[in-house]
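Colleague: Okay, here's what each chain looks like letter by letter:
2 protein chains.
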Amino acid sequence: MTFKRFLNEAISPWMKEDGPESNIVLSSRIRLARNLKEYVFPTLASKEQQQAVIHTIKEAVSQDATEQAGPLEMLMMNELQPVEKRVLVEKHLISPHLAERSKEGAVLLNEDESVSVMINEEDHIRIQCLYPGLQLQKALKRASSIDDWIEAKADFAFDEERGYLTSCPTNVGTGLRASVMMHLPALVLTKKISRLIPAVNQLGLAVRGIYGEGTEAQGNIFQISNQMTLGKLEEDMAEDLTDVVQQVIQQEESARKQLYDTLKLQLEDRVYRSYGILSNSRIIPSNEAAQCLSDVRLGIDLNMISGLSKSILNELMILTQPGFLQQYAGESLNAEERDIRRAALIRERLHFENR
Amino acid sequence: MTFKRFLNEAISPWMKEDGPESNIVLSSRIRLARNLKEYVFPTLASKEQQQAVIHTIKEAVSQDATEQAGPLEMLMMNELQPVEKRVLVEKHLISPHLAERSKEGAVLLNEDESVSVMINEEDHIRIQCLYPGLQLQKALKRASSIDDWIEAKADFAFDEERGYLTSCPTNVGTGLRASVMMHLPALVLTKKISRLIPAVNQLGLAVRGIYGEGTEAQGNIFQISNQMTLGKLEEDMAEDLTDVVQQVIQQEESARKQLYDTLKLQLEDRVYRSYGILSNSRIIPSNEAAQCLSDVRLGIDLNMISGLSKSILNELMILTQPGFLQQYAGESLNAEERDIRRAALIRERLHFENR
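Chains as they are written, first to last, in the UniProt record's numbering: chain A, 1 to 355; chain B, 1 to 355.
It should be emphasised that the hints constitute simulated quantities derived from the structure, not laboratory data. Computed from a predicted structure; not experimentally measured. Certain hints may be false.
[Unchecked claim] Below, simulated SDA-like cross-link-like pairs (lysine to any residue); rule was C-alpha separation at most 20 Å, straight line: (1) Lys192/B to Gly209/B; (2) Lys264/B to Glu336/A; (3) Lys37/A to Asp155/A; (4) Lys264/A to Asn334/B; (5) Lys37/A to Ala60/A; (6) Lys264/B to Leu302/B; (7) Lys264/B to Ser62/A; (8) Lys192/A to Ile249/A; (9) Lys264/B to Arg282/A; (10) Lys310/A to Glu337/A; (11) Lys191/B to Gln251/B; (12) Lys264/B to Met74/A; (13) Lys16/B to Glu315/B; (14) Lys264/B to Asn334/A; (15) Lys192/A to Arg282/A; (16) Lys153/A to Val40/A; (17) Lys257/B to Ser194/B; (18) Lys37/B to Thr170/B; (19) Lys47/A to Met74/A; (20) Lys264/A to Lys37/B; (21) Lys257/A to Val188/A; (22) Lys153/A to Ser62/A; (23) Lys264/B to Asp155/A; (24) Lys16/A to Asp301/A; (25) Lys16/B to Leu308/B; (26) Lys264/B to Ala335/A; (27) Lys264/A to Arg282/B; (28) Lys257/A to Ile305/A; (29) Lys47/B to Pro96/B; (30) Lys37/A to Glu104/A; (31) Lys264/B to Gly209/B; (32) Lys192/B to Lys232/B; (33) Lys264/A to Arg341/B; (34) Lys232/B to Gln202/B; (35) Lys58/B to Glu38/B; (36) Lys16/A to Asn354/A; (37) Lys264/A to Arg208/B; (38) Lys264/A to Arg347/B; (39) Lys264/A to Pro285/B.
Let the sequences and hints guide you as you build the complete structure.
Modeller: Below, the structure is given as structure tokens:
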């Protein structure tokens, strides 16, 4: 099956490239929520109605290829094993909602996994574009072109006054959610993060953990996104978020400099101890692994440690999530077994990198 | 200066050999306390009287070489720097008392440092013989022969009823202190040590840390020695201690087996994490280093880790003591500087071992 490639590689091809500000910004994401005019919205639709939606979209997208994303492949949720869906969630290609709660869900993915279009999630269509580093405008441009391409073949639910209509009122208007994934270890170490988060919230932005709402900031990775989808142009929303992200980058950079200038050896000790634990432990819980990976990545960014690729944090953070570990093991694993597999996988990966 | 060799090598040549039970017993030591009949005992003697004692002994030992220990070299305490004396203490070649509190102290050392005769410590003469592993009888035989050799040239303070007379009444009689240094990590991990120590005490034996009375059991190294010096033949004292040590060995072995059988992976995780910390940290306090070294040595004993020599625990425990670190650095170091040097030294040593 061709979709296996989406499951076997921990990091998507688009992630392997370096983007602007990639020392701190891991990725940028634009999501557009759309619904088809003639169909009941997914939250109220029956299974048959949802199937009809899939059929319609499938017809539409199979007419031609997108200019900007290449051919799209459709994966049906009900044809995937739970662990396979979990892997797609861990790669941020689908949402937990689509994996677990959708009656008749599907996703369209392009070759390098930078474009994913979820069908029958909370809305009929959720277009998602991902870019490495800080590239919200670029992601928005691509998402908009895919939006246009689909809209040319299907009527979207649109109101002159309210804009695009969505299942949840918080998405009405532009249907846009822009978000960036930031690695902020120095702000966490210096405890400045506790003042930063409320300040960012006051600007109408949300700060969350690596797997979105209600998740922890494992590995000092934070997701910053807009809360409001109304009252501004899409470009302005992306621009405003970019401005705030730039400020957070500056704060993280100055915290890194401060640590480097005043506690260089202590920081180096921390970075290398974490490296020592990652390359030697036989049992490692996900929180500890994430913290150690964050330390090592910081060490790479500060040129304290060499011979390791920058993508190690992104890659191992995803690779050592429960779904991936089980996919990799080919069997379901309990928490203890996962901690053992996680340790083995990290050791192998670091050993491979060292040769 | 020839005595430099005593200062530069962390482990004495005799330590490099393997003795019986060396998985658990690091070394055996016999010490005999003797005093010269015609001189005031050191605790009450003036500086001049102590000088006379040194002179007498020097004359006596320079007449011929010992048959069993080879030529002896004399080091005068007042010709050594504080850090040099500290190094000799860390190597267990002299006592802290001789290094710091003796008015006119000296030590005679043989080539492989297995024999050390302290002069003007608490007693005029303290003969010490060291052997790797559990070899108390052998050490006693050698100490007795050196005792005989000195006694042939000098009159010892001896009372028909009380035996050899000493400054402290606890040493009167045989003047014998027999002790073994044991590595007991499994008894510590399983907390069985807390029941074992009182049981050993009840047999009239003392259990102490690596640097004797009042010191901590750094690195899970315990010193077990006799308390009484009266009422038994020397051979029986050594035999009785050997019997108890054999029992402690059995207990440690069974605790190791229990850990291996029930918690092998957890133990392996601990051993390798400690190895990872030792080979990567940039700042390491002595307690943490000792604990990690103990873990690694246990891992070597249990064949969990390979390519490392068994003597790594002994060697690095001594090499990373404050005196040695400063001797090695060629300057005096504060606690923080020592933690940095210690980490560097351990890393170098492990790196060297790995090649």
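Colleague: Hint check: Lys37/A vs Asp155/A, CA-CA at most 20 Å. Holds or violated?
Modeller: Within the cut-off at roughly 6 Å; holds.
Colleague: Need the status of pair Lys264/B, Asn334/A: alpha-carbon distance at most 20 Å?
Modeller: 18 Å, holds
Colleague: Within 20 Å, alpha carbon to alpha carbon, are Lys264/B and Ser62/A?
Modeller: Distance ~56 Å between Lys264/B and Ser62/A Cα, so the pair is violated.
Colleague: Quickly compare the C-alpha distance for Lys264/B and Gly209/B to 20 Å and report which way the hint goes.
Modeller: 28 Å, violated
Colleague: For Lys16/B and Leu308/B, compute the direct alpha-carbon distance and say whether it is at most 20 Å.
Modeller: Holds: Lys16/B and Leu308/B sit about 14 Å apart, inside 20 Å.
Colleague: Are the Cα positions of Lys264/A and Arg341/B separated by 20 Å at most?
Modeller: Holds. Lys264/A to Arg341/B sits at ~16 Å (cutoff 20 Å).
Colleague: Going straight from one Cα to the other, do Lys264/A and Pro285/B come out at no more than 20 Å?
Modeller: Roughly 18 Å between the alpha carbons, so the hint for Lys264/A and Pro285/B holds.
Colleague: Straight-line Cα separation of Lys264/B and Ala335/A no greater than 20 Å?
Modeller: Roughly 18 Å separates the two Cα atoms, so the pair holds.
Colleague: Checking one constraint from the list: CA of Lys264/B to CA of Arg282/A, max 20 Å. Satisfied?
Modeller: Answer holds: Lys264/B to Arg282/A is near 11 Å, not above 20 Å.
Colleague: Given the hinted pair Lys16/A and Asn354/A, is their alpha-carbon gap at most 20 Å?
Modeller: 19 Å, holds
Colleague: Check the hint pairing Lys192/B with Lys232/B against an upper bound of 20 Å on the C-alpha distance.
Modeller: 30 Å, violated
Colleague: Please verify whether Lys16/A and Asp301/A have alpha carbons no more than 20 Å apart.
Modeller: Within the cut-off at roughly 16 Å; holds.
Taken one by one, the earlier hints fail for this structure at numbers 7, 10, 12, 15, 20, 23, 31, 32 and 37, listed in ascending order.
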